[in-house]
Each structure stands twice: as structure tokens, then as C-alpha cells.
Amino acid sequence: MVTFHLDGKACESRPGLNLLQACLEAGANLPYFCWHPELGSVGACRQCAVRQFSSPEDQTGRVVMACMMPVTEGTRISISDPEAAELRESVVEWMMINHPHDCPVCEEGGECHLQDMTVMTGHHTRRYRFTKRTHRNQDLGPFVKHEMNRCIACYRCVRFYRDYAGGKDLAAFGSHDSVYFGRAEDGTLENAFSGNLVEICPTGVFTDKPFSEVYTRKWDMRGAPSVCVHCAVGCNIIVNSRQETVRRVLNRYNGEVNRYMLCDRGRFGYGFVNAPSRIRTPLLRVDGQHVSVSEQDAMAAFARFVGDGKIFGIASSRASLESSFSLRELVGEEQFSTGETQQAQNCMDLARTLLQSHPGHIPTLHNMESADAVLVLGEDVCATAPRLGLALRQSVRQASFHAADEANVPRWLDEAVRTLGTDCPSALYILTPAPTDLDEIALESSRAAPDTIARIGFAVAHLIDPTAPAVPDLSTSDTGLAQRIATLLGTAERPLVISGMQYGSPALMQAAANIAAALARTKPQAGLSLSLPDCNSMGLAMIGGVPLEAVIDKAVAGEISTLVIMENDLARHLDPVSLSELMNAVPNVVVIDHTASSCSERADLVLPAAAFTECVGTLVNQEGRAQRFFPAVVATPPVRPAWRWMTAIAPHCAEQKPRQDLVNWEHEDDIMAAMGRGIPALAGAVNAAPGSSYRFHSGKIRNETSRMSGRTVIRSHVSVRDQPPPPSPETPFRNSMEGTYGPDLPGALIPYFRAPAWNSVQSLTRFQQEIAGPLRGGDGGVRLLRDHSPSQPGITEDVTTVYHYGADIPPPFLPRNGEILLLPETRLFGSEELSMHSPPVVARSSPAVLRLPETDVRPDRIELRIQDVSYLLPVQSMPGLAHGVAVYPAHMTIPAFAFPRLVPLNAIKPDHTDGGAS
Amino acid sequence: MLGNVRTLILTFLHAFQSRVTVQYPEERPYLPPRYRGRIILSRDPDGEERCVACNLCAVACPVDCISLQKTEEQGRWYPEYFRINFSRCIFCGFCEEACPTYAIQLTPDFEMSEYNRQNLVYEKEDLLISGTGKYPDYSFYHVAGVGIPGKERGTSEHERPPVDLHTLLP
Chain R
1 MVTFHLDGKA
11 CESRPGLNLL
21 QACLEAGANL
31 PYFCWHPELG
41 SVGACRQCAV
51 RQFSSPEDQT
61 GRVVMACMMP
71 VTEGTRISIS
81 DPEAAELRES
91 VVEWMMINHP
101 HDCPVCEEGG
111 ECHLQDMTVM
121 TGHHTRRYRF
131 TKRTHRNQDL
141 GPFVKHEMNR
151 CIACYRCVRF
161 YRDYAGGKDL
171 AAFGSHDSVY
181 FGRAEDGTLE
191 NAFSGNLVEI
201 CPTGVFTDKP
211 FSEVYTRKWD
221 MRGAPSVCVH
231 CAVGCNIIVN
241 SRQETVRRVL
251 NRYNGEVNRY
261 MLCDRGRFGY
271 GFVNAPSRIR
281 TPLLRVDGQH
291 VSVSEQDAMA
301 AFARFVGDGK
311 IFGIASSRAS
321 LESSFSLREL
331 VGEEQFSTGE
341 TQQAQNCMDL
351 ARTLLQSHPG
361 HIPTLHNMES
371 ADAVLVLGED
381 VCATAPRLGL
391 ALRQSVRQAS
401 FHAADEANVP
411 RWLDEAVRTL
421 GTDCPSALYI
431 LTPAPTDLDE
441 IALESSRAAP
451 DTIARIGFAV
461 AHLIDPTAPA
471 VPDLSTSDTG
481 LAQRIATLLG
491 TAERPLVISG
501 MQYGSPALMQ
511 AAANIAAALA
521 RTKPQAGLSL
531 SLPDCNSMGL
541 AMIGGVPLEA
551 VIDKAVAGEI
561 STLVIMENDL
571 ARHLDPVSLS
581 ELMNAVPNVV
591 VIDHTASSCS
601 ERADLVLPAA
611 AFTECVGTLV
621 NQEGRAQRFF
631 PAVVATPPVR
641 PAWRWMTAIA
651 PHCAEQKPRQ
661 DLVNWEHEDD
671 IMAAMGRGIP
681 ALAGAVNAAP
691 GSSYRFHSGK
701 IRNETSRMSG
711 RTVIRSHVSV
721 RDQPPPPSPE
731 TPFRNSMEGT
741 YGPDLPGALI
751 PYFRAPAWNS
761 VQSLTRFQQE
771 IAGPLRGGDG
781 GVRLLRDHSP
791 SQPGITEDVT
801 TVYHYGADIP
811 PPFLPRNGEI
821 LLLPETRLFG
831 SEELSMHSPP
841 VVARSSPAVL
851 RLPETDVRPD
861 RIELRIQDVS
871 YLLPVQSMPG
881 LAHGVAVYPA
891 HMTIPAFAFP
901 RLVPLNAIKP
911 DHTDGGAS
Chain S
1 MLGNVRTLIL
11 TFLHAFQSRV
21 TVQYPEERPY
31 LPPRYRGRII
41 LSRDPDGEER
51 CVACNLCAVA
61 CPVDCISLQK
71 TEEQGRWYPE
81 YFRINFSRCI
91 FCGFCEEACP
101 TYAIQLTPDF
111 EMSEYNRQNL
121 VYEKEDLLIS
131 GTGKYPDYSF
141 YHVAGVGIPG
151 KERGTSEHER
161 PPVDLHTLLP
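Same order as they appear, the protein sequences are chains R and S. In terms of my numbering, the first sequence is residues 1 to 918. In terms of my numbering, the second sequence is residues 1 to 170.
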């Protein structure tokens, strides 16, 4: 710790910070624009001027930019110094010279960092009497709105977009007064993290386009701490709502997970909760048609179906723990399916087992950023876990940080560190079948079929630890590659191996785990991360159940009379033939879901479930972190959380099985308690967030700002009589502007970020123990998987688990004539189920094409035969795709297929061009 | 005793003074233009709605009786609905003070009594007048930097034409 003197007051700080950070951590109000905790300092905006004195005797001192000066023992500075204050005010005045007079029609108004800083510096009267510079705007696609007049040229956008997120198509143009931030020409921002510009930009140049269509000021929205449901990373988000509709999604800082950034799928994929595809009423099939029925009729039908006995439940990897567990309690453990195919379930179980038995470190996303050597083994993380891809992008900078440390350059001095970094080699190896966005920053990226990649992986493990199984008959080039990877990983201090189940290959994950375990023998920090497909895949693996194939067998044997499918579109998991077989064999199919799917269309009874924005639920992300989401919107009956349908139906089938528990559940807390008893692995999940009885400063937390408007009028077109705010017995929140709030709120319960004088997202610094560190109330979530690395004491109580090297080495993949290995192409926009109901994400997705290696010259369309059904697909060549491999985005046009599979390809004669499946 | 007599005299003298009570509604009092009565939404000199749905009136309202929703047409912001619950309004005028476009104005009309309280909920069509109200000349979009149909970017008051990024001149 170092002590510095701020306006004569001694303050504690950490060495290695800059003065701006130190002042902010000391609670002082010092204005700034260009500095950002993740982007470092460049000293571009000249806003954070303070006077620094060289000694106690020094009375004159000098004015310095706080963000560019390190804090050292005995530093004496003054924020309130008149000259420094005047400089800060005049800097804002310069910025306001060209700032347009449009705050009332600006989406940033009310949460604008520029507004806050202008007020903070005291600038209030415009003296400039000449004309303002103006700019033309660009159409930047469906996510981000551009209004260049408002720009104050802090350079945060390009520094984030280009330097941090690796984007290419946003740049600074022009010079001096006319500097312009945009694309070379109009067009969609291509980077997967463009939505963060909305939060990065300190003013309203980049604003949220979908939010603008349903715009409401920040102070008018209810906020709910939530968790993204669009991949398994589990980024923390805030869902904002007004008038019981979801308006937008914002990043919610979690020091261990997503920190300051979200991917565009997470930020803009929430549209499904407002989409017309939502199921709002119970639907009963009468004479082959779905008829909307009352809640009572639906319950009567449900009770009749359940009364038949032989009930079977299918859960889902996108349903919360609460819903899945309540279904399991309703139908019984033997009659409960995970809703995954045998292959997917094997992969999920394997991922869980490997992570549990991994003798090293299970890194959080934040840990990954400081990995100094990374191997990505057969997973396009930029598509399956986009935020993880961004973390890897930062890990590549480790070498430049080490160089900076050696050169005695502080790490926050961004330009200097990046200049040093230009000579630093990357330490990222990527082995995938198809090109990924990270290839450009990789030391080496290699293309091969999954089995070949797995073999290289096994070979790497053997090279690091000779006791690991060796790979027979490895080609010379692969041996060389394995040798290079092993050398790189072997010399690193914090190596990281990443794989996943994108290509459905257990061998890949096994190989990754072998490498990580081999490394962990000498390096306890050796990390293993396995990417999973859905937001609760890990949670579902922990609950367990039978795979879909077993359900089909039972159904065909006539052992199932009622099938309850919860939040699962089976068409995404089963091929059409198997799905029809299942649906036809079961007399009564009940679907409980929030969004209509091909599965709900075939159901006999559809019950409307609450989406993640309307209920409390817990999800387990791929690193085994249980996190809870809270409702932003009060579900309107008959829509209710899926588990409430279970508790409602439980009394009707009480005589069949002992389901006493289910009947007595009143709150989400009760389920979590019961789950802790029933599934020991999930016992810790109860601590994902404080329960409904939690009180902050002896009161319920308000989830609306104290200045929420329209309380006495918002419902008065329905009735002029005032209504009490909707109760929320499930949560520690009060749906009201009255309640407690403060910067010490537990991280899992922060409904919105605001601090006195800080209305923008930059108020986050007030909620952190230290800037870019954990939140003052603790980061949300609790990890359920043991971490064996010594840096994590406390959860290493049982290190007796011994890792046994997997030896199931697949034979090498050899391209064949006339047949091609078909793999699923996971896309950032288009592959994920729920986000494809969100209009901006749909607008961003491109049509599905079958991609073939560049070497295969092919016609425009191709006939693909999968299980005796042939599809006519448009074809595109993909440079760099592994030989003998084709990728196709499953679910976009053709139904689910089991992968990887060898399929015959038939070129279509030019005259045969009538499209569609034949 | 003396006090009682004095009171009687004073009361008696009042009989000869001019009347304060006005015989409303036959006789109507003069209300100055800045009297704070019924709230209206005005239009700009071009006849377009002045309200840009910035929500400042709603947030300034101490009794929270104003609610609106923003919508947009080619860069111009409008309220999709604009609702005032006059059964809650205290006619404090804060909304008028907060309004950056002179859209919301209080008028010298106080005759708003209703038998049914529900009728005191005014929607946008009840509030919007066809004139400019107290500020005949002001038009927000003539000074604001955003472009709207009929006003290109860079043509507001005190604005230069948009920067040509392709020029090499400094």
C-alpha cells in the first residue's frame, strides 16, 4: 500500500495505479473521459487535470493529467486547486463548443457521462458565439445508432473496437476539429462486440438502436440483475423494463466473469421475450387445432393427462435449475430425461467429469485474460462462447505486459504498452476444422478434422508428460505441430487449454483435459476450460437424467402415456424421423415453454412459461458457476414460471408417487433447499444469490430508481385508481421506487448502477472495492466445481481426485471420395435458438450455406443426403476449411442431424435449380 | 368592551367597501397569461408537435402524474402517447419549467371539473392544441443538431455544413 495526499488528506492506495484511479478509489470526484479501466490511459481528453506538489514545502506545484501519472508514496495532489479546476472547466467548455443542442432527443440523456462531467466541472454557460461543426451520420446496422455531432473525440470507441475487440471496420478519420469516428462507408459493424460501444462511448455518439425504438430514460426503468441465456458463459446482465415490457439489456459487472463487456448476441438477443412467438395463454388441441383455453381448463387437461400414469418428463439445457428440478420431482428420477441426445449428454457428462477431476485450475473468464499461453482445441469459441473469445484476445497481450514490466512501463499506459507489444509474439494456438475470428492473433492456427485435432492434442499431452498415452502413426507435420505446442505450453507459467462440445467429439475434450492435466503436474495454474452449448448445460449435467434415445425406446414400447416437455424444442436435438417416432408413440404431449417452437405446435397441451425476464431462476455456467437471475417484468397470469405449473399439478397426482415436497413449495427458496437435499452436487447453488428473505440495511431493495416517473398515471387509462406496486415475495426486491439501495449491495443483487453525481455506467467505480476488482458487495455467483489450484484456498478440501489420462485415441480422419464429413457450423447470429426470435439478431444473421473447402470446386447448389432425406443446399467455398470437411449451420434450414457424420454429396446439374428440400 | 365596539365599527365600514367576491360564472375574473391552469401541449411555428418525448416533464412532476412513450419518425421524436392524470396534478408548473422545447405549457383555464374522476385522465389528443401557446417563435429542431425531414444536417442555427471527410485540406 502507498499513501498519497489528496487535498491535504492522507489516502491509502495500491502501488502501480495512476492518480486518476487512486483518486476515484479514494472516493473523490475527478472528471475524465478517455480513461477506461479496461482500456488504460492515453491522456487524450485533458480532463483529469490535478495539481501535483513535489514536497510538503512545494506551494506552487504543477498541473498534470492524473491518468498519466503513477501514484507513489507521498504523492501530494490537489483536485480542488483553482487553476486545475479552471482548466477542467475550460476543457469541458471546449468540448461543448461543437456539442449539439439535442440532449432532449438523445438516447444517452440522463445516463450521459458528458452530462455528469459537465456538471461536475461546473461549466454551465455557453460563451462561444460562433458556428458549430457538424458531421454526417452513418447507418451502422441493426444494433448501433450513430450521431457523430455529439462526439467529443475521446477515442474510446476506436480504442475499444480496434485494440480491445480486434475490429477492423471502425476507425478515426480526418483531423483536428473534424475528426470522425465511423466506418469507411455505411454498413453493419462487423465485430461481435459492437454493442459495447453504447456503454464505452461517454456521450451519445453510439446508442442502442433496438432500445431507441422503445426508448425510456434510465431513471424510468426497473432494473433486474440477470444472467444472459444465450450461451454457457453466463455473462451478468441488467434487464431494464418499463410498463411490464423489456426495454434493453445492459452489462452488469462481475469481476470474475464478463466484467465490462458483453457480446452482441447477449446484448440484443433478449427480443424473444417480447416477440409474437411468445406463448401467452394455455393452448389445448381440440379436433386437431390449438385452442386457447382458460387456466382452469388447462389444469384440468393437465391433470387428466397426468392421471393416466406413466408420465415422463423432458427437461432442457436452457431451463433454469428450478424448473428442471421441479420437473424431475414431478415425474420421478427414473422418468426424467435431460432432453439431450446420448451423444450430447455423453459430452456434457464428460465435460463435467473432466473439469471435476482436473488437477489444475478451472479458470474464470477473468483468469483467462491473464493466461500466458493458450491452446484452443477444436472449438470456435468466437461463435460458441463469444465473451470467452474476447478474453482470449486479451490473453494474447500478456507478453506485452511482461515486456512493459521489464521496461518499467506501467501497464495502464496503454499506447506505450501496445507499442511494446508489437514485437511480442502471440502465445495462442488454434486447432479447429474451420477458420475462426481469433486466427489473426494466433501464433499458429491449423485446420484439421476433429479426430485429427484430438490426436494432435493427445500427442501434445504425451510430449509434456510421457506417462500420458502416446499417439500411434502421427504424421510428421502433426508431430512437428504437437512439438511446437508442447514447447510453448511447457514454458508458460499460466497455460490454458480450451475445448468444447461444438463438434460433438468427446475425444477433443479428453485430449484437452489430458494436456491440461499433464501441465498441471508441474504448473498448478494450468487451466482447463470446456465450452458447452447452452446457458444451463452444466446445471443439467449435474441434475442428470436419461437421454432422448431412451425416451424414444420407452415410448415405442408403450411405457409412456404422457410426455411433459419443458422449455425444449426437440427438433433441435432429434432428427425428424426420431422425433415423429416419439411424438406418434406418446398419446399425450404437454409442452411447457415461453416461445412457440415446432415442438409446441405438435403438442396436445401447451402451457405458457415465464421467460428469464419474468421469474427467478438459477443457471450454472460452463465453469460451474451458479448464478441467479431475477424478474424485471411481472409475469401476467396465466404465464408463470415452469416450476409453478409443476407445483400446481402436483396435488392432482399425489397418490401416485410421494411428491409431498412439490406440494409444499411456495417460493424459489424452497426448491433450492429441496434441490440441495436431492442433488448434493447442486447444494451450493442456493448461495448463488441471497434468498428472498435477504434485507439490505434492514429493508427490501428497490429495483426502480428513486426518480421513477409516472407512478400515478401509468395505469390510469385503465383505471384512475392507484394500484399498489406488484408484490415480489420471491425476491429480495421491491417493485417500487421505495426501498434500500447503495454501493455495498451484493453483486448478485445490483438492479442498476448509479451513484451521487455519477448517473452513467461509469458510476460502476463506486461499486467496486478497487477499480476493475471485485464488487464491494462481492461478485455474484458461487462456483460448484472444485478448483485444485493453490491460488484458490478454501475450496480445495478434497484433492484426492486423481486424474487418469484418457486413452481413447481416435483413428486419423482420412478424406474420402464422394463423401464428406459434415460438421455443424456454429454462428454468433443464427445458431442460438432464442436469440433468433429477436428482430435485430435476425437482421444480423446471414442465410445458411453449406461451406466446402476451397479446393473442392462445386456448383452453386448441392444435394445433401441425411438419413434418406435429401436437401438442396446453396454452396459456398470457405478458404481454410479442413480438407474433406463441410460445415453447415444446423437448425437454420434443415432439421437437426447427428454429427459428425459422413454424408454423400451429389453435385446438382445446372438445370435442376428448383430450390428447397426434395 | 372597547375591542367589541371596534370590531363592530370595522365590520360596519366593510359594508361600504368594494366587493372582492366575483359572481362566477356570470362574471369571470381576469387571469394573467402565466396563470397555472390546465396543461396543454403546443405546436411549433411550422405546426408540428413540439413535444420531443424527452421525459423531463414526467421526471420533474412531484406527483408523478405525467407519463409518455417516445417514438420516432425520420429522426424526429414524438410521444407515442402522452397522458396526464389531472386528478393528481397540483398545477405546480414544474413540467413547464423542465420542458426544453416549450411544448408543455400551463394555461389560464381552470374549469376542468368532472363528475367522474376517470375523465380527468387526459391523453395526447386532449392535450395537444394547434397553436404555439406563449412562445410563438421557438422551434426546437431549428436549433438542435439532429436532421429531420425538411431540415438537413448542418443547417440549424449556428451550424456549419457537415464536414467533408474526403477533403485533404486541414
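A few of these clues could be false.
Cross-link-like lysine-lysine pairs, in silico, BS3-like; alpha carbons within 25 angstroms at most [to be verified]:
#: 1; chain 1: R; residue 1: Lys554; chain 2: R; residue 2: Lys310
#: 2; chain 1: S; residue 1: Lys134; chain 2: S; residue 2: Lys124
#: 3; chain 1: S; residue 1: Lys134; chain 2: R; residue 2: Lys209
#: 4; chain 1: R; residue 1: Lys168; chain 2: R; residue 2: Lys132
#: 5; chain 1: R; residue 1: Lys132; chain 2: S; residue 2: Lys151
Calculated from the model, a selection of chain R residues having no Cβ within reach of chain S, i.e. all distances over 12 angstroms [as the list claims (entries may be wrong)]:
#: 6; residue: Pro100
#: 7; residue: Gly109
#: 8; residue: Pro142
#: 9; residue: Pro469
#: 10; residue: Arg783
#: 11; residue: Pro900
Honestly, the hints are just simulated from the structure, not real lab data. Since the structure is predicted, the reported quantities are computational estimates derived from the model, not experimental observations. For glycine and all other residues, C-beta sits at the position ideal for the given N, C-alpha and C.
List of violated hint numbers, smallest to largest: Hints 3, 4, 6, 7 contradicted; others consistent.
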